[in-house]
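**Q** Please build the complete structure, drawing on both the sequences and the hints.
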Amino acid sequence: MSEIREVRGLGQPLPAMDFAGSRVLVQGIAEPLGALYVPLMQRYGTSIVAGVSPAFGGTEAAGIPVFDLVEQAIEQVGAVDVAVLFVAPYTMLDAALEAMAAGIRQLVLVTEGIPPLDMVRLLREAESTETFVVGPSSPGIIIPDKILLGTHPPYCYQPGSVGIISRSGTLTSEVALELTRAGLGQSIAVGIGGDAIVGSSFQQWLQILEEDEQTEAIVLVGEIGGESEETAARYIAEAIEKPVVAYVAGITAPKGQQIGHAGAIISSRIARIGTEIGSVESKLAAFKRAKVPVADRPSKIPKLVMQALEKRC
Amino acid sequence: MDLLEYQAKELFRQQGIPVLPSQRIDRPTELKGLTIPFPVVLKSQVYTSARGKMGGIRFVENTIDAIAAAQAIFHLPIMGKYPKVLLAEAKYNAEREFYIAVALDSATRRPVLLGSQFGGVEVEAKLSKISQVVVTQEFSPYYARRLALKMGLEGKLLSAVTDIVEKMYRLFTERDLDLVEINPLAVSSNQELMALDGKIVVNDAAIGRQPELASLVATIPDQAVPHALTCSINLVEREGNIGVLCNGAGLTMATLDLLQKSKGKAANFVDLGGDYRHCCPPSVLQDRLKQAFDLITQEKSVKVVLVNILGGVASCLQVAEAIAGFLKWQSGQQVPFVVRLAGDQFHSARGLLAAMDVPVFESIDEAVLEAVKRSAAPATQSVSPPHGASQPAQTGNSPLILASA
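Those protein sequences? They're chains B and D, same order as listed.
One point on numbering: in my numbering, the residue at position 41 of the first sequence is 41, and numbering is uninterrupted.
One point on numbering: in my numbering, the residue at position 366 of the second sequence is 366, and numbering is uninterrupted.
Any given hint could be a false lead.
[Unchecked claim] Taking CB as the label site, the calculated pair distances span:
#: 1; chain 1: D; residue 1: E138; chain 2: B; residue 2: E71; range: 41 to 51 Å
#: 2; chain 1: B; residue 1: E71; chain 2: D; residue 2: T48; range: 45 to 55 Å
#: 3; chain 1: D; residue 1: T48; chain 2: B; residue 2: P39; range: 46 to 56 Å
#: 4; chain 1: D; residue 1: A90; chain 2: B; residue 2: T252; range: 38 to 48 Å
#: 5; chain 1: B; residue 1: A88; chain 2: D; residue 2: Q333; range: 34 to 44 Å
In short, the hints are calculated from the structure, not lab data.
These numbers come from a predicted model, not from an experiment.
Using N, Cα and C, we set each Cβ at its ideal position, and we do this for glycine too.
**A** Shown next, in the form of structure tokens:
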């Protein structure tokens, strides 16, 4: 498998804190998910300067001007830093290609159910344009009290110094809520998405949080299936100085049984090769080798974070 | 979702991948009208790969033998499943058996071509012999040729394998597949290739734009249509006595883990999905909750329902109203609920449900313990509420032991 591992990742991500203060464009603003989450993002202080929804050009949504085409929006409102995409699954590829063609270099794909082969094309284009892509099937990014790029429920979060990286949606919020209740605020939280093919990886976010001055500790929320936890564990051992605490969901799931997330299948889809990869045992062993403490339930995470921070001092 | 062998071969045939003449058999008597000349191979159409070792593949020389063999195969469970269909196929004399596949690799986020000269039933024991080529950019036949070379092929076989890999790749992308596998790809004495067995995994998310695959899948008996297709409520059955409802895959897995840690056993569970399904945004949460409760409580073994909803746009009160509405609508014997909520209007939600004797917790751990406690308690004899906070009457003998209190 060594050849596979050497293929380069996505374009260079920006440091985490550059997301705060971003000028944001929302694609799919007039569609059900967009209509639901745009007001939430606005109330959180996210600066949404334009929306795009084909056939809704010339209208307004939540006081935001709506355009038919991304390039048209940029012509009118000026450059944007991030596009958040709530479009229907089968139009995601087109919408993302459109955003990249218009020069937007950071995309958050929220919608669930994007065909993986569309993601292959989308990410190929993202690599050649050095575009940073989060998701799909993702709650996006939240920097507490600064910006919401996605669907994270704000009540779970408070500003602080713990970074959360997760493959889940509601479980990310659950972990944030546990930390918040224990008095541990968050510097940033991101859901990279639960699908088999996603844009930004655990490693990229580990690197961002390692460099982020606000972040003192990192919580990595994984789940069974795939091998992103194993890869992340190796990366932590090699490159991450800040303390990391992990949690893995699905440890009691029967083998081969898929719960929702397309990526959460223990047996590898690649023709049953390496069936031990993706199992609970494999992930827990990888974290143990990397000396990353693993919480056995979400409510244990705050204690492990505090212990890790104390140990460091 | 997996296709059965005969369906995969139909797609191979359409794509120009060589397959043997074959006939689908729904009943043993259909073998009287067999159009393929004997000798014939009868193959059980099940999803398990190791069917040959279990007697699911038989060679027959004449009609009488064929009918007897078909009857035997129809009555032979493979990993607990009986075949609904058999495939009758011409016999082929393979000199060698190759392995070829096209799959998605989540590490590189690219399709990957896989091939080996050592295919057949032992392929898994020879994993190190499988060559790989990642399709990093737009596909072109040279990727397939690269695989054939890596497999150690040359001359006529190199061209023939390249051609088949190319066709498999086209099939893979045109039909939005997760996996196309030919094992074995038989090589005859005159170096001709034949796909003797095939496996295709259809991508659930893409099936909505693959109408032909959707109708093919619909013809599979007992095959559940993937929920991405309809956004319908998907209930998963287990062996225990606690019904579980959560929102989001990660939270569902975490809740089931906690339940098991506390020695509780799920009877079934529903994951309502995260907050970003295009076809069912949180605005329709209340309707979906009612449907899910209905499904969960239809299972007679469910002694308690554990609800764990972490609210996003939907408030705790909206969830509580859906629960209250369901409990009022559900007359007679009621299954008690234990509820964990987080989000806006938590206290109003708790107040509303407290009036119906439904305990509401802020912490998952506490809700899980309470659900396990109630699932282990002896069955209540009362035919209507109250249940909830008051201790149920200690009447029946519970087979379960109180795990934790």
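**Q** Per the hint of 45 to 55 Å, is the separation of the Cβ atoms of B/E71 and D/T48 within bounds?
**A** holds, 52 Å
**Q** The hint says 38 to 48 Å between D/A90 and B/T252; measuring C-beta to C-beta, is that right?
**A** holds, 47 Å
**Q** Against the range 41 to 51 Å, how does the distance between the Cβ atoms of D/E138 and B/E71 compare: consistent or not?
**A** The hint (41 to 51 Å, Cβ to Cβ) is violated, given that D/E138 and B/E71 are roughly 24 Å apart.
**Q** Given a hinted range of 34 to 44 Å, is it respected by the beta-carbon distance of B/A88 and D/Q333?
**A** Taking Cβ atoms as reference, B/A88 and D/Q333 lie about 43 Å apart, which means the hint holds.
**Q** With respect to the beta-carbon atoms only, verify the hint that D/T48 and B/P39 lie 46 to 56 Å apart.
**A** holds, 50 Å
Hint violations for this structure: number 1 only, all remaining hints satisfied.
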